[in-house]
Each structure stands twice: as structure tokens, then as C-alpha cells.
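The lines below spell out each chain.
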Amino acid sequence: MIRYAARRLLEAVPILIGIVTLIFLLLHLAPGDPATAYFNPNVSPEIIDRMRENLGLDRPLHEQYLRWLRSFFTGDFGYSFSQHRPVADVIRDALPNTLLLSAVSLVLIFVVGCAVGAVQAVRQYSALDNVTTFVSLFVYSMPGFWLGLMLILAFSSPAMPEFLRLPISGVTSIDYEFMGPIERIVDRVRHLVLPSFALGIASAAGVARYMRGSLLEVINQDYIRTARAKGLSERRVILKHALRNALIPIVSLLGLYLPLLFGGSVVIEVVFSWPGMGRALYNAILARDYPVVMAASFLFGVLVLGANLLADMLYAVIDPRIRTD
Amino acid sequence: MRWPRYSSLIAAPLVACACAGEPPVAEPDPAAVPAAERYGGTAVVAGMGEIQTMNAFFSRDYMTDQFQAYVLFMTLLRNDDELRSEPYLARSWTVSPDSNEVVFELRDDVFWHDGTPTTAYDVAFTFDRVKDPAVPYPNRSSFDAWESAEVLGPHTIRFTLRPHADLLHGWTALPIMPRHILAGTAPEDLATHPFGTSEPVGNGPFRFVEHLPGDRWIFEANPDFPAELGGRPYLDRLVYRVVPNETTLFAELRSGGVDMYVRVAPVFVDRIEADPDLRLVAYPFPNYSFIAWNSMRPFFESAGVRRALTMAIDRSEIVEVVRHGLATPAAGPVGAWHWAYDSAWQPLGHSPDSAAAILESAGWRDTDGDGVRERDGVRFSFDISTNESRERGSIAELVQRYLAQVGVEARPRIREHQTVIADVTSPERRYDAFLLSWTQGLVLDERDQWACDRIGKPLQFTSYCNPELDAVMDSIPRATDRSAQEGLIRRYNTMLAADQPFTFLYVEKRADALRRRLRGASPDFRGELADVRSWWLFQP
Amino acid sequence: MLSLARRERGRETWRRFRRHRQAILGLALIVLLTGTALLAPALAPYDPDAQTDIVATRYQAPSASHPMGTDRFGRDIFSRVLYGARISLSIGFLAILIAITLGTAIGAVAGFFGGRLDTVLMRGVDLLLSFPRLVLLVVLVALFQPSIALVTLVLGLTGWMGVSRIVRGQVLTVREMEFVTAARVLGFGRTRILARHVLPNVLTPVIVAATLGIGNTILAEAALSFLGLGVQPPTASWGNMVASGRDAMLDAWWITTFPGLAIVFTVMAFNLVGDGLRDALDPRRVA
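Chains as they are written, first to last, in the working numbering: chain V, 1 to 325; chain Z, 1001 to 1540; chain X, 2001 to 2287.
Take these hints with a grain of salt, some might be off.
What the hints assert, rightly or not - Quick list of simulated restraints, FRET-style, between CB atoms: (1) Phe2093(X) with Ala5(V): 39 to 45 Å; (2) Leu61(V) with Glu1188(Z): 18 to 24 Å; (3) Val186(V) with Lys1131(Z): 51 to 57 Å; (4) Val193(V) with Ser1092(Z): 54 to 60 Å; (5) Asp1342(Z) with Phe2093(X): 57 to 63 Å.
What the hints contain is simulated information worked out from the structure, not anything from laboratory work. Even glycine gets a Cβ: it sits at the ideal position worked out from N, Cα and C.
Using the sequences provided together with the hints, build the complete structure.
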């Protein structure tokens, strides 16, 4: 297992170098540069040229690339052109927000998804099954930003009773600093409810459909029939025998959702004004803030490859039939 | 996407209308609350754009300018509501009879928030950096005529300069930076100094508490703010929040999470006016939208044809549809916000028939009956580039329809912002026509845009050239008083209106939405935050 | 012989699919949607782009003359939803066509020929999967005008990697099967074996993935429109209708609701059909 992981990690290196090289070329292919962001009738062209020079943009492309690569591998991510601070700081601020939102959404996806799917399978063809199937498919089919905006408007509506009001944007309340430790946790959790719901619910619906199918397949297999025939209670049969086996293929879905979530969702982060990686990356691309785009893309690659590896290894642990080498 | 803006916080003596309705009948009457009881509370200002730095040498946009000049730092001078300079950090000043020397006498009771006194050395330091070519201070042209500084005493500084119009205006927009913190940093390294983003130290009415990038800036009242300037602000705290989506921003305003929504989206205007908890303040603002015609293209060579295109466009309808009335059709580059504006100016009227007649007589005729005019085998058909802002996308759609009515085919070409800029500023001018808006400075020195000798430079993208206009533009900064300037600025406007190198579409009315509990705030052309020291929260 | 068996299997699949009530419902919906898209010019009561006297006609609530109301330009939303179906569905179909063609070709070549080629191709797929799609999107949109063709191409070119993995896995299994070995023994060329014997036997999961993918593509176009990178107005796509009406959701709910529902029902329909197909094509699965 360890050797397998080591080999995978080694394989990741050329992929990551490929990613940053490709990003570098793409970015410089796109028209405009960080200095064009200063284009304005009140700014003389000389000042823009001066900026270009200060940013090293007047150097030949390969020189810029090598310089970036060299400093990158010595751990220096450079400075953000548009934010006037080290790229490391930009990431340090945005990444935890994204990881927090992703982690909560992930739990929601799997807990809600599996629970709903299991209930549907056990009550196959019941009204409950039909209604939840329809509702989860409906939610799955909605554009994410539309769902998000509807949640925001609903929860900020004067018609919403006070006790149901939830924060609609941001990570913490304005008076967060003055709160006690418990209040702070409560405040953060409350801020997470709507964005994590909007981010995760569609995937949860996907997991539910998958879980339903998987559990139904298990239920119809011989050993479950045997267990039933032995006179075990239905509850025990489902919980002890069927559920465990049905969960195995669900783990492979983890590999699918982890990378999606770690990248941060620009749309959800914009709608809920959540200061995460997706928005940081998006703004950086628009501002042609090369160092931020490069570092964020590199990180994205690391997270995706790491998430894939994690999912594969988890799968191997759960299902001994899979060999890793 | 808005234009980044640099600039002068001075605007002109124009009277902004605070179009707010009467406050609702609330008891007790807010006006009756004595000043001593107004202290306390946190006000939240929110906008779509991020504020990236508090370092005044790298200010990037209008809200950033305001937080620097009005909240965290102090400028030497500020503007009163008729745009006369009034004392602020400078207690008084004297201008020598021939206008080539200015002596500022500074207040001696202003301290940096770390306790160090603010002195003339800070002013000299700030001036040196502004003049240093290694520092890309965007507003440097305001100080072109200012030659050198000499500190005469801890609170006295003398400048030598060449006489020019609007002598002092640069000082109302330049926040003084702390020498004791920044002087040790090489000028070219100032951009990356943590002072700007994580540890700013100011001397203004509020001091820095925390910056959560992409989320908020938190400031708190400065208890040591000079009593003569009003003393400690009423608010305990002032927060700026970034909410990058207009619907979310409006929802926060409506539910009380935000006290002021800056530059409100026009679509919410009716709802704000109908809500008893909210009020809308709208005022003319030096930002105009335009279509630039590339005069290197055969269609746009002649002023007559360009005028015809403007006449074909129904600008009143655009203002109504796109801005819900929050704008006025423009008569030229000088808007109603400017002191030299002449209310007798009439924008070219909307008249498709006259437009068609002009095109006809210019030789543009539809001979093959396809609905599009031709001349010498060239079809009157071109691209209008614009960025992917929804407001301008809509305008492009409307313009396409208006021009089709007079036999001109305009194809909207909606591109990513930086791409449009790169095309337009390229020496080859890779565009036919483009639609954008931008914010002007008070001092209308726009030679980079129009002067014949700037053709080929990035900002002279129309390649329009009129030597007579050049002469007028050159004499504006040389005029030393407003009465001499007025005639020149008016001629400047009239000549551009006649030649229409741009179709000047409309001048924006900036609008802000406020919760009624926020008192003492009256946004106008000087900005939302000019009077932030006297904001207070009314709790009945 | 082979083709007979295939036809037999096809008939069996159809029989099973038919029993799947929800899938039939989904299929009916897709047929209906495609029909309306094709007949849009005949069905639409108004020109979808017509604007006249905007200030008087905009933001009208649904009524007899405008069953879905009007938008901020006074355009008839019902007509725009009909015309939008053409854009949204063709983007969905074409982008998926690009994605499955590319994905199948690359996956099949990698799996069938194996060796170094396989390694190189699959590392390439890994690279693209861990590549931030957003950067690619913005740069492409910056380089070219965001037209329908560009959006389709971008969604197609960024959507094939999953398919190629599925296909490669299938090919690895199929290529060891007896009939492939037999073809090899008979001296058939490798390309011919791949095209005639291997590919037809790995298409099942591809068809399912394609059906599910169409829905996802329509959702992706909507997300692009939200960021201003999708199909540009005045051309109506369901995605840009929802995106451009979003600021008026409180006052004119109809502007976003109807195109939004059109997206929801279309995506649902493709998912129902996809599920039905999966069950029908895979005899071991139970519905």
C-alpha cells in the first residue's frame, strides 16, 4: 500500500509541472496583462509602462517562466499583482474557507444521500420512495446559482419567522469578534447552513439515487435471503448485512466528489459571498494576476490528485478484492 | 464590470440632489436626539467591489479612494459642498502673489494611530514618493506642476510650483502617508509592503482593526481625532463588506445586515423607494458611457456620419431601460456634475429620419435592397465591442436595433473585459466601435484621449484629430482662474459634441440605498463616506 | 452471426426499457422538447428578439397574451423559452457528441494498444482532470467571442475525460475475450478488430454516460451564463435567460422561473432516460 502511494505521488510530479506550464502558456496567450487593469483616462500611459517594468512583464516569456518556476520551487509563490500581498497569504486566507465549506458539504452529501437512498430502497415503490425520488431529481436538475438565490431571498424575506432566519452571506457575523467561544462556533455553523446546502444538495441527490440502486441490488442477493430465512428481523438484516455491503461502491463516489468540492465553486462563492479559492482564482484570472492563478492552479492539481489517491486507497481498504499493486 | 478609477475626490460645485423621501413618522424624532446620545454601534457599508489596499500610492478605485481619504487617513485639504477647498490636516495655507509658492500650516494635534505625531515631514515624504517615477501613483499628473518641497518647521511646509489652474486640487485627493513607517522601504518595494493590506496605520477619524480579504475591512472610532474637526466619530465601528452579487447584497440590505448598499443596481430602485425602512439617494456622478468610433474605418471618418449615428440612437430610452432613469443623456464629455456645465446644452435629439437623410447625402445608400446601406461597394456593417457587463450588453442590443432602423448593421461583440482593452489600446486598433463607460477626474485634462500628437498612444483610440481642439485643450490648464477656464471648457465640450468622435450616451446618476436607522449620511458627488465622522445609528 | 446477436440484444433491451415507466416518461418529454425546439418558429406567438416600446411592455406578469410574461426588454418569455430550447438542446447534444467521440477514441486507443501509448494518454487525462477548468474557460472566452459554437466546443472539450476512462476500462476487459482473440488469430488488422469487434461491445456505458451528460451540459451552460461566459444575448438560451433575470427575481419572478423550469424538466428527463437505459442495458441490475 505504501509503495503504491509512493508510486502515485511520484507520478503526480510531471502532471503538476504540466499543469503549471500549460496554465502559464494559456494565461500569456490571453489578451491583456496585469497592467491593462490600470487602463483609465486618468492614468497616463507612462505610468502603465512603469508598472509593466516593475512587474517584470517586459521580459521575454521564457525568462518570466523560468524565473517563476525557480522561485516557486524554493517555496516563494511571489506577490499578487492585484492584491498587493504575498500569494502565500492569499491562499492562507482563502483555502481554509473553501475546505470548511467543502468538508461540511461532503458530510451532507454522503449522510443525507445515503440515508435518503436507503429509505427509498427499503420502501421501494412506496409513495415515500416516489416523492423523494422526484424531489431529489428535481433539486439535482436545478442550476446551482438559481437555487442559491432562491434560498437567499427566502431566508432574508420579511415573511420568514425570526427563529428560522439564517445568515445569507459571508463566513461570520459582523460582531463575531465580540462573541464567546461557543457563540462563535454557533455563528460559523449558522453561516455554513445555506451555502453548504446549495453546494451539496445536488450531489446528495446523486448519491441517493446511487445508494438506492446499490442497496436494492444487495437486498436481492442470496446471502440476504439467507439472513431473512434464518428469521432475523428485517431491521437487523438491512442494518447489519445489506447496508454495509451497499456502501462499498458508494465510496468510489468519494473520488468523484472530493476534487469537485476542493476546487471551490465560483458560483456558490459568489452568490453567498464566501471568500474562498474559487472566487480568488476567478478574480485573479480576470485581473491577469498570474502568480495567484499559477499557485492556485497548482494547489488545485495537488488537491485533486490527492483526493483521487485518497479515494482509491480508501476503496482498497474497504474492499479487499481490489489490489493496489 | 466597472472601470477601475483613480481619482480625484474633488468634483465640482454642483449641487447634488438628495432625492430621499421624508423619514417615516417615528418616535422619538431622530433630529431631537442630542449629539451626546448618538455615540455607539456598528455601521456596515457594502459594495460589489473589493478594496485591495490602504496604501494611497496604489489606490485602484473609487471606494478605495474614499476609505483612504475619509476614513483611515487625512488629506491636507478637503472640499466643502460647493467644492471650495477647506482646511483639514492643513490648518491654513498661503499662496504667493505670483502663484509659484504655497505654504501649508499643519494642525499640531493630529497623531498617527500608533501615537506618533503627524508632521510636515510626512507631507514631504508623501510628496517625494508621488513624484518618484518608481512609484506608479496613478494621480501623479495632478502634481506635474509642483516642483519641490521644503520643510520649514515641524508643522510648516513650503512648495514651489508653476502657476496653473485648480492649483490645490491634488491635495484634496492625496492622503498623507506615515513617513516613520514607510520611509525605510525602497520606492519600488512599496507595492508589496504589508502596510497596505494587513497593518495600515492611519491618522484619520477611524483606525484599522482587521482586514479579512475578500470579505471585510473593520475600522473603529479614533478617540483622539481632533475635537476641532468634530472629535471622535459617533460610530464605534465602521465595516466595509464585499458582496459580489447584487441580489445577495440587496437581500442583506433588506434584512438589516447592511446599512448602506453603495452604487445600487438600478433594478432595485422601485423596491427601495417603496420600503419604509430604506431610502435612496441619487446624485449626478462623473461617469459617462460612450460608444467610441474608430475614425480609421471608412464608416466613421466624417463628423456628419458620426452625428447621424448618434441621432439614430434613442438615448432617453436607453437611460430608462438600462438605468431605470438613473442617468441623463450626455451632451458631451462635460456632465452636469461639472462646474462649467451649461444647462442650456441640448444633447443631439433622437431623429432616425434626419439621421437617414444625413447618411443618404453622405453617399451611404441601400442600392441592393438588403436593408443595409453601401457606398463604393462597402456595406455599412461593423462590430460593436463591449465587455460582458449586463448593462452594456443590453445597450449594445438596443443600439443594434436603433441602427438597423436607419440601414446600418451593428453586430454586438461581447468580449471579456481585458480582451476589449487589449484590442482597443493596441497600436493597430483592432476594433470598429466599442462601448464602455468610465469615470472622469474633476480637472478635465483629457488630451491623452483627443490630442493629435497622442495618436498611436494607448488612450487615443479613435485617432480623431482636430488641431483647433488641441489649442483649446492646451490652454485650459494654463488658465489660472475659473472665469478664464469656463469659456475654454465650454468650447471643449461644444467642439467634441459637434464632432462626435464618441457618441456620448449618458452621464450616470450614482445611487446609494441606506437603511433609515443610519443617520447623518448624505452621499453626494464627493462620495458616500465624506461625512462618515458624523454618521450615527438611530435606535427608537 | 454477431450482428444478429446484437439485434436480438437490442430488442431485449428495448423490451426492458419499455417496462421502465419513468424512463418512458422521460423519453416522451425529450421527444416533446425536441419537437417544440424544431417547431419553435411555428409555435412561438412572438418574435423572440422583438422589442418595441420597451418601457410600456417590459416586466409584464403572465397573462393571456403573454402566457409566461415579458422580460426587461418587453420580449415574450414564452417565445424565448421555445427558441431557447433550440440553443440549449443543441449545445447539450453537440457538446456531448464531441465529448463521447473524443473520449471513446482516446479511451479505446489507450486500452486496446496499451503500453507506453496507454500511459501517456492516461497521464494526459489525469492532467486535464486535475486542471482548473475555469482558467481554460476564461482564456478561451477571452481569445474568442463567446458564441454558441465556442460554448459548445468548450463544454465538449472539457467533458470527455470521464468517458475515456470508462471506455479504457471496458476495452481492457473486452480485448481479452475469446471473439477478439479469434479475430486476431484470423489475421484481422488491429484497427479493424478495434473498430468492428471491440468498440461495439463497450458502447453500453458510453450511451448511458452520454444521456446523463446532456443534462449536466445544460446545467454547465447555465453556470457559465451566470459568470457572463455563456451564450451571449440577444440569443436566448435557457441558461442566460435565468442568469440575466436574476436581479429581478423579487419583482418579476416569471423571468427566471419559466426558463429555470425548462432546464429542470429537461435535465430530469435525460436523467430518467439515462437511468432507464442503464437498467435495461445491464440485465443484472434491478430497477
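So, going through the hints one by one against the coordinates:
no.	hint	result
1	Phe2093(X) with Ala5(V): 39 to 45 Å	holds, 41 Å
2	Leu61(V) with Glu1188(Z): 18 to 24 Å	holds, 23 Å
3	Val186(V) with Lys1131(Z): 51 to 57 Å	holds, 53 Å
4	Val193(V) with Ser1092(Z): 54 to 60 Å	holds, 57 Å
5	Asp1342(Z) with Phe2093(X): 57 to 63 Å	holds, 59 Å
When held up to the earlier numbered hints, the structure conflicts with none and fits them all.
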